[in-house]
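**Q** This is what each chain is made of:
2 protein chains.
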Amino acid sequence: MQVIESPQEMQNWSRAQSRAGFRIGLVPTMGFLHEGHLSLVRKARELCDAVVVSIFVNPIQFGEGEDYDRYPRDLSRDLGLLQKEGVDAVFTPTVKSMYPEKEQTTVEPVAGMENKMCGRNRPGHFRGVTTVVSKLFNICLPDVAFFGQKDAQQALIIEKMVRDLNFPVRIVKGEIIREPDGLAMSSRNVYLSPEDREKATVLYRSLLMARDLINRGEREPSRVREAMLEMIKQVNGAQVDYVEIYNAFDLSELEEIRGQVLLALAVRFGTTRLIDNLLVEV
Amino acid sequence: MQVIESPQEMQNWSRAQSRAGFRIGLVPTMGFLHEGHLSLVRKARELCDAVVVSIFVNPIQFGEGEDYDRYPRDLSRDLGLLQKEGVDAVFTPTVKSMYPEKEQTTVEPVAGMENKMCGRNRPGHFRGVTTVVSKLFNICLPDVAFFGQKDAQQALIIEKMVRDLNFPVRIVKGEIIREPDGLAMSSRNVYLSPEDREKATVLYRSLLMARDLINRGEREPSRVREAMLEMIKQVNGAQVDYVEIYNAFDLSELEEIRGQVLLALAVRFGTTRLIDNLLVEV
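These protein sequences, in sequence, are chains A and B.
Counted the way the numbering used here counts, the first sequence spans residues 11 to 292.
Counted the way the numbering used here counts, the second sequence spans residues 11 to 292.
Just so you know, not all the hints are guaranteed correct.
No copy is singled out in the list; a pair is fine if it fits within one copy or between any two copies.
Here are the simulated SDA-like cross-link-like pairs (lysine to any residue), alpha carbons at most 25 Å apart as the crow flies [claimed, not checked]:
1. Lys112 to His44
2. Lys106 to Glu118
3. Lys94 to Gly73
4. Lys183 to Gln18
5. Lys106 to Gly122
6. Lys112 to Ala165
7. Lys94 to Arg283
8. Lys112 to Asn257
9. Lys53 to Ile181
10. Lys94 to Glu118
11. Lys94 to Asp251
12. Lys53 to Arg25
13. Lys112 to Glu56
14. Lys112 to His135
15. Lys106 to Asn199
16. Lys112 to Glu169
17. Lys112 to Glu205
18. Lys53 to Arg268
19. Lys106 to Phe259
20. Lys112 to Gly134
21. Lys112 to Arg180
22. Lys126 to Arg137
23. Lys94 to Lys209
Hints in this document: simulated from the structure, not taken from any laboratory.
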């Protein structure tokens, strides 16, 4: 397994793989890997000849006062896990090599997909994501790139970017991997105190309850939303960031629940912000 | 020579060339080709194995009230010229195939390079350029892309974009090709009346005069600028859009004329806007 720090070297490596006729699969991550990431790596292994995992905590997708500095990092543990999965190359650039100049050309997502859900309280977050993903695509030259469905809005914004800018990359989404009690796996789960860890199951429980409501015939988005808010309110210390229900393809508003629907929420426990979502087909 | 309309087909063609080990050269144009374009095609022929010329009048780089609708077009003449140059493929997409969705992810140049010169009176122009060039790079997959030095600001903004977003593309700039009387070749020259065509030589004449001033020791940007303005003012009907002097690498302001300096100007004759520039080394 190659561990490559320099963007130029990484691009050379990828170009050589590509010239040799190998299909490259890229799994972009911020490290501190869990089963969610590893399930994407296994998918990549299945569909591609050469698997690249990038590990880069991208500063420009964090807002002021967010957890960039304390975001959990453990490179040597990550490398051990990836080695076991048979990954071909790990790309671990420095911030300086990714952003060498003071000002930076950016990639701007469409407003209608960016300014809601995680984008509402994290202005500039998705611009940071589309910009770094464009860079990673151009450096790692993947034929296929793998994103987790846990970041549903991110995956949709990246799919839109790939269509709009004609990136020669196929996007594959991996389903949410959960702990036995239903909590979606996330690098940020380590922030939780044992009490909050237990309370955090309310995210998934509220989603399952909402799906139940819908399956029993509820078609009014506001009523489903209110039932979820009500359930979360019962949990001491859980602060709702958002609970939203959108068209699952373009995040447009719904007059009634119909077709492929995305139920999504973000909840804070102290300074830790967790997200989760569920796709429901009506 | 292949003439390809569909972005998907173009991408397939380019990918096949690339897989076969050929170096692809791309010359992006808006058509109505002149010697300036053809000199870039010849450079591409020299440096690459497969030459692609794109012809696309890109609506999103034109502002309201600009000349998008009347921009000169003559595809069959263009194809004849390119055939003679031994071009391998011409990419002629429709607007609908390039912008199929209502809203579009864009590529945003850095403000400090965009908001001056041609960007000052054409807001959004360079965002349209960087967005379409990103699309063309992702569709045509060039190893080398060729841009004319006549659009000096455009070339610098694209070079910055390539560095910032790590496009695996080398940028080669071709010098300005001029008519015998010095007028820089431009598809827009056909708009000029015979009288204005003659007057239009003032752009290049003012640049040569400015270079002379500098060569004779002038180091004060404002004095060089004023001398150019004064000369243009003598020409009846010539309306200055801008006359500017910048650092030739990053378009930063100059306290004194020193190093590689870009002298650039835009002048209107009636509704026709012409640009020109000169690099001066001190």
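**Q** Please write out, lowest number first, the hints stated earlier that are contradicted by the structure.
**A** Numbers 1, 3, 7, 10, 11, 13, 15, 17, 18, 23, in rising order.
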